[in-house]
Amino acid sequence: MNDVAEAVTRAHHGEWARVVATLARRFGDLDIAEEAAAEAFATAVERWPADGVPPCPGAWLTTTAVRKAIDRIRRESKRDDKHREARIVHGDTPAEPLGAVDDDRLRLLFTCCHPALAPEARLALTLRLVGGLTVPEIARAFLVAEGAVGQRITRAKAKIKAARIPYRMPSAEDLPERVSGVLAVLYLVFNEGYLATGPGTGPVRQDLTAEAIRLTRLVRALLPDDGEVTGLLALMLLTEARRTARVSASGELVALDEQDRGAWDADLIAEGHRLVRERLTAAAAGVAPGRYQVLAAINAVHTSARDMRDTDWSQVLALYDRLVRLDPSPVVALNRAVAVAELDGPEVALALVDRLAEPLAGYHAYHATRADLLRRLGRSRQSRAAYDRAVELAGNTAEIAWLTRRRDRLG
Amino acid sequence: MQYLVSVIDDKSNPGSTDRRPAISAFNERLIAEGYWVFAGGLADTGTATVVDNRGERPVVSDGPFVESKEYLAGLWVWEAPDLDVALALAAEASRVCDRKIEVRPFL
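For the record, the sequence lines run as chains A and B.
Sequential numbering of the first sequence, starting at 1306, is according to the numbering used here.
Sequential numbering of the second sequence, starting at 71, is according to the numbering used here.
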């Protein structure tokens, strides 16, 4: 019985996206694809315990889902003949010639992350149709009401149909832009898991980081030559590797310099480093790395140091300089200042941080960074005020606990 | 699939007024490539008249149905196989007209 439950879970992880994607192409309708896939999995839960797990679960699920979809279309066609005709015309779109990469799951992903959809809709749609999360699961993950998530998904599907957002690979010319849209969605899922906001959730939502990694692995399997996909996967793995060391038993954040580096996940770090090396080889051959690759490289430097004191800060800074050129945002400048503090001291860094006061006034990490630099300069009163502001603005429970303790330790 | 392609201008920050030759050339291309269904520029919103005959008798009033900073300056109707094709053309149209473009499918 347990084996069967496991087989269903494994099939859900491994086959959900494929089933939805195959049906979406065959029937040209995301509603039908989603509903039929859900029904097929429900049927598996019912039948597999008695009949046994089929030798090829993916094929069984696809066949079952196709049958469910045809049943639904037949049912509807009795009610509405015109409706059926429209469906059939749409479903008959011939497969267009494609480049080397062609996978229905990729088409599905690109459709879900289409720039014509609102960002929150892309997120919800991707988690539902590609990730196979249920509407209540998505609602819980992002602390949104279930009704709102359901509505976002319904509206997005309606727009895809009415405006005819194509179920197709983007053109070679649009591909980098569209891939970066997909990666932005996946990174958002990961970050919400890694730094969960809101008082009602744990500080780390492992379900979300795991989901983001799983989907990014899928994208990498489908687009193995895309450097940014590899970069994002490496970044996620190197971040995830530190997850257990990052929060103490009492639920408090543990800063990088205080983490038990022995508790880092060596396998994830090895895999992450391997991916970063792969990209370094490409960079040496003249392929300029994008934002995620540089972020991954920074994390590779951190995870290479056995002790905080062994960190190669000049390399970290060189990578941040590169990142600033790719992404001249104040948040990147803030993170760069942290590396500057290690190399040139807190005073130099504080001057850089103070320049960011205006754009980052509402960002807790700005105040937390300032507070730490002021503390190191012995300016306790100002440091305390900065910690107060950081605590006020922070949303993550572990961060709030850590900032509070740091503040209370000030002389 | 037909799309209504609206050219949106902004009263406080209007697009340039010398776009006519470029728009004509773009229209020639739309026709040659089979996307063109209809196109037209519109007179100023101040020339609009609203008619409402939902009551007992038609009521005619001066002015656009809604006063706003942004307004419809012109429109196209395009025939395109899908939204990606329409959006790629709209990107060109926006450059050619020096104005924002809204793409909306017909039912």
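Source of the hints: derived by calculation from the structure; they are not laboratory data.
Predicted model only: the values in this text are computed from it and were never measured.
Fair warning: there could be bad hints in the mix.
No more than 20 angstroms apart at the CA atoms, straight line, and that leaves these computed lysine to aspartate or glutamate pairs for EDC-like [to be verified]: (1) B:81 <-> B:149; (2) A:1466 <-> A:1340; (3) A:1466 <-> A:1512; (4) A:1466 <-> B:132; (5) B:81 <-> B:132; (6) B:139 <-> B:80; (7) A:1464 <-> B:140; (8) A:1466 <-> B:149; (9) A:1464 <-> B:80; (10) B:81 <-> B:140; (11) B:81 <-> B:114; (12) A:1466 <-> B:80; (13) B:139 <-> B:114; (14) A:1466 <-> A:1557; (15) A:1383 <-> A:1409; (16) A:1464 <-> B:152; (17) B:170 <-> B:80; (18) A:1464 <-> A:1356.
Among chain A residues calculated to face chain B with C-beta under 10 angstroms, some are [to be verified]: (19) 1419; (20) 1424; (21) 1473; (22) 1477; (23) 1492.
Just so it is clear, CB atoms sit at the ideal spot from N, CA and C, and this is done for glycine as well.
Results for each hint:
no.	hint	in the structure
1	B:81 <-> B:149	violated (30 angstroms)
2	A:1466 <-> A:1340	holds (16 angstroms)
3	A:1466 <-> A:1512	violated (31 angstroms)
4	A:1466 <-> B:132	violated (38 angstroms)
5	B:81 <-> B:132	holds (19 angstroms)
6	B:139 <-> B:80	holds (6 angstroms)
7	A:1464 <-> B:140	violated (24 angstroms)
8	A:1466 <-> B:149	holds (16 angstroms)
9	A:1464 <-> B:80	violated (27 angstroms)
10	B:81 <-> B:140	holds (6 angstroms)
11	B:81 <-> B:114	holds (10 angstroms)
12	A:1466 <-> B:80	violated (31 angstroms)
13	B:139 <-> B:114	holds (12 angstroms)
14	A:1466 <-> A:1557	violated (47 angstroms)
15	A:1383 <-> A:1409	violated (30 angstroms)
16	A:1464 <-> B:152	holds (12 angstroms)
17	B:170 <-> B:80	holds (9 angstroms)
18	A:1464 <-> A:1356	violated (40 angstroms)
19	1419	holds (8 angstroms)
20	1424	violated (17 angstroms)
21	1473	holds (7 angstroms)
22	1477	violated (13 angstroms)
23	1492	violated (24 angstroms)
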